[in-house]
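On the provided structure of chain A, position chains B and C as indicated by the hints.
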Amino acid sequence: MLRSEAVDQTLDTRWFDPARLNILIGVLLFTAFLVVNIFRARAKSDLYVRPIAGLKALDEAIGRATEMGRSVLYVPGLSDMSEVGTFAAITILYRLAQRIAEMGCDLDVPCYDPVVMTVLDGAVRDAYSKVGRPDAFRPGCVHYVSAQQMAYVAAVNGTMLRDRPAANVYMGSFYAESLLLAETGATTGAIQIAGTDKVTQLPFFVCACDYTLLGEELFAASAYLGREPVQLATVIAQDWAKAVAAIAVTAALLLASLGHPTLASWLRAA
Amino acid sequence: MTWARKVLSIDRRIIFLLVAAGVALPLLRPVNLPITVTPRVQAAFDAIDALPAGSKVLLSMDYEPDIMAELFPMSVAVLRHCFRKHLQVIAMTLYPAGTGLGERALRTAAKAEGAVLNKDYAWLGYKSGFQVVMIGIGENLRGMYPVDFYGTPLDSIPVTRGVNAYRQMAMVINLSGSSATDYWIQFAQGRFHAPLVVGCTAVMATDYYPYLSSKQILGLVGGMKGAAEYERLIDTVGDARRGMDAQSLVHLIVALLVILGNVALFVARRAGEDLGGRPAGSMTR
Amino acid sequence: MRRGPLLVTFLSGAAVAALFFIPHHQAQAVNNKLLEWTLVVYAFALILGSMSLWNSHARKLNARAEGWPFSLVTLVSLVGITALGIWKGVGEGSPVGRIYNTVNSPLASTMFALLAFVIASAAFRAFRARSVEATLLLITAIVMMIGRVSIGPLISPHLPGVTEWLLDVPNLAAKRAIAVGVGLGAVSTALKIILGIERSYLGRS
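Order-wise, the sequence lines are chains A, B and C.
What the first sequence shows, in our numbering, is residues 56 to 325, in sequence order.
What the second sequence shows, in our numbering, is residues 927 to 1211, in sequence order.
What the third sequence shows, in our numbering, is residues 2 to 206, in sequence order.
Chain A with its partners taken away, still in its complex shape (with noise of 0.2 Å):
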C-alpha cells in the first residue's frame, strides 16, 4: 500500500523539464559552434591555437626516456568511463603512443578500472598499428593492478622506484592519491607531466610535477597532440563558448546589480 502510493505519487508525465530550458540552450548553442568551427577548419586549415607548454613537453619526455633507455610511465587516472576525464586520457594517451611506437621505447599503463584497461588496451595496440610498428607493441603494457585507490597507489609507487621510468605522465581525474604519486615520481627524477579536471589536485600537481595542464587544458591536449583541422576545430568552439559565457554572467551581473534579476535567475542551473 506504502509502495504504490509512494511510487504514484512520484510519477512525472512531463516529456520536457522547462527548468533546464538554460542548459538546453547552452548545448545547441555550442554544438552550432562546433558544427560552425568544422566548417572552418576544413575551409582553412592553418588554424591558431596557442602553444601549451606541457604539451611539448610531452615530445622531451618521449626523447628522453628513448635516450636512457627507459620506460614512460602512463597513469590514466583513477576513475571509470562515466568520467570525462577518463576519456580525455584515453586520448591523449592514443596520441602518445603514436609518439612512442615510432621513437622505439617502452610504455607502461598500469590501471585502476578493468573497463578502461580493456578500451586503453585497444587505443594502445591501434596507436602501434597506425604509425607500421604493431610489432613493437608488448603485450601487458596496458594491465590491470586493483580498484582500490590506496592498493593502486602502492602498485604504482612501487613501480617507479623498480623500474624508474624517465617519464611520469599523469592524466585524468585524480583524487587524494595524487601527491603520493608524483612526490614519489619527483624523488625517483623523472620528468613528470600531469593534467586533471580535478580543480582540488591542481595544487598538488604543480608543486611536483615539471609541467601541469590546467583543467581545461586536458581536454584540448587531444586535439593539440593530433594536430587534425577538425579536432582543433573543438578547441575553438569551446573558446569561443567561453566567450559567451563570460558575456552571460557579466550581463547578469550588471542587471542583477539594476534591480533586474531576470538573467541571473534563468542562467541558474536546475
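Just so you know, not all the hints are guaranteed correct.
Unchecked claim - Quick list of in silico lysine to aspartate or glutamate cross-link-like pairs, DMTMM-like style, CA-CA up to 25 Å:
1. Lys61(C) - Glu138(A)
2. Lys297(A) - Asp169(C)
3. Lys34(C) - Asp1108(B)
4. Lys176(C) - Glu138(A)
5. Lys1141(B) - Asp169(C)
6. Lys1037(B) - Asp975(B)
7. Lys61(C) - Asp163(A)
8. Lys1053(B) - Asp1108(B)
9. Lys1141(B) - Asp72(A)
10. Lys297(A) - Asp975(B)
11. Lys61(C) - Asp218(A)
12. Lys34(C) - Asp135(A)
Claimed, not checked - Some residues of chain C that are not near chain A, with every Cβ distance over 10 Å (derived):
13. Phe11
14. Leu76
15. Ile87
16. Val188
FYI, nobody ran anything at the bench for these hints, they're computed from the structure.
Backbone N, C-alpha and C fix where the C-beta goes; we use that ideal spot for every residue, glycine too.
For chains B and C alone, kept in the frame of chain A given last:
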C-alpha cells in the same frame, strides 16, 4: 657546503621525522587548543538542529578505512547530534568496506546518546552503484533496500516504516571522501530537491563552496577541522578535537620549515650560489 | 566494421543526453535501466581485469624480474582470497571479511596517512620565493596553514577571518573560472565522442 645549502638540500626523511613527532606528541600529551567555529559548519549544525523531533534523516556514510581519520569522528558527531534531537536516522553506505565503519559509528553514537537500533536508527548497509541507488531511493527505497543490513524487512522497522522516498525524509546527509558527494548533489538535491548537508575531507571542501552559496547544500563540514568544530557545537570532546592539536602542530612545523627554506634561499642567493630549480607556482621550466 | 560501435555510441550518447531533459517517469525508467547495464558490464570487465593481473604478475614471476616475490604474494593472495570467498562467503565475520578488516584496511589507512609526510616534503620544496607570483603563493600558503588550525586565533584573532576571505573570494573566483573551462571541455569531449569526431577509444581510427 654553506648552512643555507645544507638546509635547502635537507634529507626529506628529517622532514618526515619532524612531522611524525608533531603528530605523536600532542596525541600523547593533549593541549586542548581552542576551536573556532566557521560559518559553514555552523550552517550544517543549524540545519540539522532546526529539524523537529521525530523527523526522518537519511545519512549516507560513503567512505572506506583510508579516510576514516577525517570522516569517522564527523559521523559520530553528526549522529550524536541527530540522536540528541530525537531525529530518526536511516543510515547507509555506498562503499563495501564502509559497512564496518558505518555500523561502528552508529553503535558509538548510539551508546553515547542512549539511542536504540530500529527505534531511533536503522542501518541499511551497503548497496552498489552510486547513481542507481540515489535515483532508486528517490522513487522506491524498498526497491534498493528490501531489507536492512541484518535482514529485517524495512516495513518491520519502526524507523523506516512509512518512508519510501526522499520526500518522506526531512534531510539527506552525505559524509564522503569521493565523487559520491557530486552525485548526491546532482540526484538527491538536483533531481529530487531533498535538503542536503555535506561532510567531506578537508582537501575536497573548497570544491563544494559554490554549492553552498547557491543553496544547493545547506551546510558543509570539511575534514577533521570541521568535525572538531561540530564536536564543539554539540559540546563533546571526541577524536576530532583531540586530533586538531596534532594537526595544528604539524601545520606550524611545515610553516616554519617553509620559512626556514626561504631564509636559506635568500642567504644562498646573497652569497651568489647557483641553486637551479624552477620557480614554484609557475609551470615553465 | 567501425560503423556498428559508432552507431551504438551515437544512439546511446544522444539518448542519455536527451533523457537529462525528459523527466517523464517512463523515460527515467529507461535511464535507470541503462545505468544498471553499466554495472553488469563492469562485473564482466572485472574478469578481464583479474586475467590481466594474473598475466602481468605471472610474466614477472617467470622472468624472475626485479621484485618478483611481490608478484608471488599478489598471485597467492588473488587465488587464496578468491577461493576463500567462494568457500566461506564474503560477508562481515567471514574469513575474507576478517582479512579485509585486519589486513587491507590498516594498509590502506597507512598509505593514506603518508600524505601528511609527502605534503610536508612537497611544501618545503615547492614554496620558494623565486618570483613575485611564487612569493604571493608562499605567503598565502603560510597564512592558510596557520589560520585554518586551532593555533591560528592564538597568534592573531584576525587570521581565521583572513583565511575565510581567501577561501571565499580569490580561491572561489579562480575555482569557478577553472570549473567553467572544465565544464566546457567536458561538453566538447562528450560531443566529439557522440558525433564520432573522436574515435580513439574504439581502438580503431
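Hints, one by one, checked against the model:
1. Lys61(C) - Glu138(A): Not OK: Lys61(C) and Glu138(A) at ~32 Å, beyond 25 Å, violated.
2. Lys297(A) - Asp169(C): holds (23 Å)
3. Lys34(C) - Asp1108(B): With a Cα-Cα distance of about 21 Å, the restraint between Lys34(C) and Asp1108(B) holds, given a limit of 25 Å.
4. Lys176(C) - Glu138(A): holds (19 Å)
5. Lys1141(B) - Asp169(C): Roughly 15 Å separates the two Cα atoms, so the pair holds.
6. Lys1037(B) - Asp975(B): With a Cα-Cα distance of about 20 Å, the restraint between Lys1037(B) and Asp975(B) holds, given a limit of 25 Å.
7. Lys61(C) - Asp163(A): The hint holds at about 14 Å.
8. Lys1053(B) - Asp1108(B): Within the cut-off at roughly 18 Å; holds.
9. Lys1141(B) - Asp72(A): holds (21 Å)
10. Lys297(A) - Asp975(B): Not satisfied, since the Cα-Cα distance of roughly 41 Å exceeds 25 Å.
11. Lys61(C) - Asp218(A): holds (12 Å)
12. Lys34(C) - Asp135(A): Roughly 18 Å separates the two Cα atoms, so the pair holds.
13. Phe11: holds (13 Å)
14. Leu76: About 14 Å separates Leu76(C) from the closest Cβ of chain A, which puts it past 10 Å; holds.
15. Ile87: holds (19 Å)
16. Val188: With a cut-off of 10 Å, Val188(C) comes too close to chain A, as the shortest Cβ separation is near 6 Å.
Consistency note: the structure conflicts with the earlier hints numbered 1, 10, 16.
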